[in-house]
Amino acid sequence: MSSLFRASFLVAVTSALALAGCDREEHHSRAKPIGETVPAGESPDTIFPGTSSAPPLDPRAVLYDNNANAIAQGQQLYLQMNCVGCHSHGGGGMGPPLMDDQWRYGGRIDQIATTIAEGRPNGMPSWRGKLTEDQIWDLAAYVRSLSGLPSKDAVSSRAESMSAGTPQSLTPHAEPKNSDAPQQ
Amino acid sequence: MKPRVPAIATLLPLLLGACQYQHYQSDFGRAGVEDNQFLTLFTIFLIVCGVMYLLVIGFLFAAIARSRRLEANTVETGRHHRSDPLMSTTLIGWGALIGVGLAGLAIASFFTDRSMAKAATGEKLSVTLTGNQWWWDIVYNSADASKTLRTANELHLPVGVPTRIILNSNDVIHSFWVPSLAGKEDLIPGRENDITIVPKKKGIYRGQCAEYCGAQHAHMALVVVVDSYPDFLKWWHHQLEPAPMPTTPLAMAGYKYVTGGPCSACHNIAGTAAGGQVAPDLTHLAGRKSLAAGTLPMTEGNLYGWVEDPQSLKPGVKMPTIGMEPDKLHAVVAYLETLK
Chain A
1443 MSSLFRASFL VAVTSALALA GCDREEHHSR AKPIGETVPA GESPDTIFPG
1493 TSSAPPLDPR AVLYDNNANA IAQGQQLYLQ MNCVGCHSHG GGGMGPPLMD
1543 DQWRYGGRID QIATTIAEGR PNGMPSWRGK LTEDQIWDLA AYVRSLSGLP
1593 SKDAVSSRAE SMSAGTPQSL TPHAEPKNSD APQQ
Chain B
105 MKPRVPAIAT LLPLLLGACQ YQHYQSDFGR AGVEDNQFLT LFTIFLIVCG
155 VMYLLVIGFL FAAIARSRRL EANTVETGRH HRSDPLMSTT LIGWGALIGV
205 GLAGLAIASF FTDRSMAKAA TGEKLSVTLT GNQWWWDIVY NSADASKTLR
255 TANELHLPVG VPTRIILNSN DVIHSFWVPS LAGKEDLIPG RENDITIVPK
305 KKGIYRGQCA EYCGAQHAHM ALVVVVDSYP DFLKWWHHQL EPAPMPTTPL
355 AMAGYKYVTG GPCSACHNIA GTAAGGQVAP DLTHLAGRKS LAAGTLPMTE
405 GNLYGWVEDP QSLKPGVKMP TIGMEPDKLH AVVAYLETLK
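In the order they appear, the protein sequences are chains A and B. Take the first sequence: its letter number 6 is residue 1448 in our numbering, and every next letter is one higher. Take the second sequence: its letter number 100 is residue 204 in our numbering, and every next letter is one higher.
Any given hint could be a false lead.
Said to hold, decoys possible - Computed cross-link-like contacts, EDC-like style, restricted to lysine to aspartate or glutamate with a CA-CA straight-line distance of at most 20 Å:
hint, chain 1, residue 1, chain 2, residue 2
1, B, Lys288, B, Glu315
2, B, Lys304, B, Glu227
3, A, Lys1572, B, Glu429
4, A, Lys1572, B, Asp188
5, A, Lys1572, B, Asp335
6, A, Lys1572, B, Glu412
7, B, Lys288, B, Glu412
8, A, Lys1594, A, Glu1617
9, B, Lys251, B, Glu404
10, B, Lys444, B, Glu429
11, B, Lys432, B, Glu412
12, B, Lys304, B, Glu345
Read the hints as simulated data drawn from the structure, not as lab findings.
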């Protein structure tokens, strides 16, 4: 009897541990609670003359950075919205590469989201009003994964479309070099 | 134990009846040539296998009854060796019956297979059906590029015309299944499958994705409308027309938002600036029978709900909740309703 008790106790503990593993992250399909909060032109930017310090990280960053669902959705949008047309699959072409350690406008997720929403000089169009803020943040989460910045358990080991490239889970980590970019 | 048997006996026909209560999605519809052939084959198999099954059960009971009559310990007394002429005749007959039955099944299945292969060569119309999470992209192919038609979630077929449906997928494996017309065929990414359908009866049938493809697999339905050939051509020519310019100021405001705002990044409306190719074509949206791949019937109320908050009606769908202000929402729905 006691061995049966011990076995069922072990099963209960293991399943409790396994269930706890399910709660890795939040899957939010609705943008509503996150909100369209930042008016045009007021997104965080760190391109200042002089040595002023970067603004604090946007509180929404935790909802998207290292979020497997956000990265996967962003990967689909990256193909569908034809980011590939200029940036290729991260290697760059007409637009700058996204898989290296150079970030002209910052490699923090909120800075990337700003770049996508507001556009940048020399060709990057503004996606504000064309994509929802939720989609822009999904894309930013995926763009960060191109240089291996999110943790490996959040990225997919299989591309959304057929690809001969290295799986994302093997993308080398390229630490951002800009002095004002990485704070996480 | 006893009262259960009549209970099951009354329940079984009821359960089978449930397969048919929606006449537009029925396994026994006989509305397509392929479906008809398969049903005939199924009936032949059912009868042959049923007769053999009943015979086996009959022999089993006969053997039980016979062994009760015989004395015990036949092995020890050596009596089990005695031969029974009736028994050997029955056994030979039984062997012959199995041979005839199996040969009959093989011949029936061979002829069904052959006639299906013949139907697949006489194609008159070609449609490319691409599966997406969770909707159907439909292209009517034509040698004349100006007759090539792109639509979504509603397949129109002419009655009696062999139609080849080419099946593709953009993301994961889906399966094309219109039970009233034909069997299932998978849509596999990076691979082209095809199925030839010859609808026999006019009507509206329901198709359903039959391979689990993600959160909204159950809401990936397809409306199939089978029409007479002239009606089908009329529909085709109407669908080829670009969307008309709206006439009311409200619809005009909606037109400006839809073709210049976030909708146009994914959706295509022929004749306007909205040229997105990653979501269902909206050129004749309001003329369709359902919304969001068979999730909701096409009504004004559902259109309002869907445009305002698709994520609560079909959680996980790729269409985002934009959170439109009421005046914008009224305008967008007014415009979408002009897309007949």
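Status of each hint after checking the structure:
A C-alpha spacing of about 10 Å is found between lysine 288 of chain B and glutamate 315 of chain B, which places the hinted pair at or below 20 Å, so the restraint holds. In summary, the hint linking lysine 304 of chain B to glutamate 227 of chain B is supported, as the alpha carbons are separated by about 15 Å, within the 20 Å threshold. For a cut-off of 20 Å, the pair hint linking lysine 1572 of chain A to glutamate 429 of chain B stands: about 16 Å separates their Cα positions. Taking the CA atoms of lysine 1572 of chain A and aspartate 188 of chain B, the gap is near 88 Å; set against the 20 Å cutoff, the hint is violated.
Annotation: proposed proximity of lysine 1572 of chain A to aspartate 335 of chain B is violated, straight-line Cα distance about 39 Å (limit 20 Å). For the hint pairing lysine 1572 of chain A with glutamate 412 of chain B, the CA-to-CA distance comes to about 16 Å; that is within 20 Å, so the pair holds. Restraint check for lysine 288 of chain B and glutamate 412 of chain B: the C-alpha separation of about 35 Å exceeds 20 Å, so the hint is violated. Taking the CA atoms of lysine 1594 of chain A and glutamate 1617 of chain A, the gap is about 14 Å. The hint holds against a cut of 20 Å.
For the hint pairing lysine 251 of chain B with glutamate 404 of chain B, the CA-to-CA distance comes to about 30 Å; that exceeds 20 Å, so the pair is violated. About 25 Å separates the Cα atoms of lysine 444 of chain B and glutamate 429 of chain B, which puts this hinted pair outside 20 Å; it is violated. The suggested pairing of lysine 432 of chain B with glutamate 412 of chain B holds, with an alpha-carbon distance near 10 Å, which does not exceed 20 Å. Among the hinted pairs, lysine 304 of chain B with glutamate 345 of chain B is inconsistent with the structure: their alpha-carbon atoms are about 29 Å apart, more than 20 Å.
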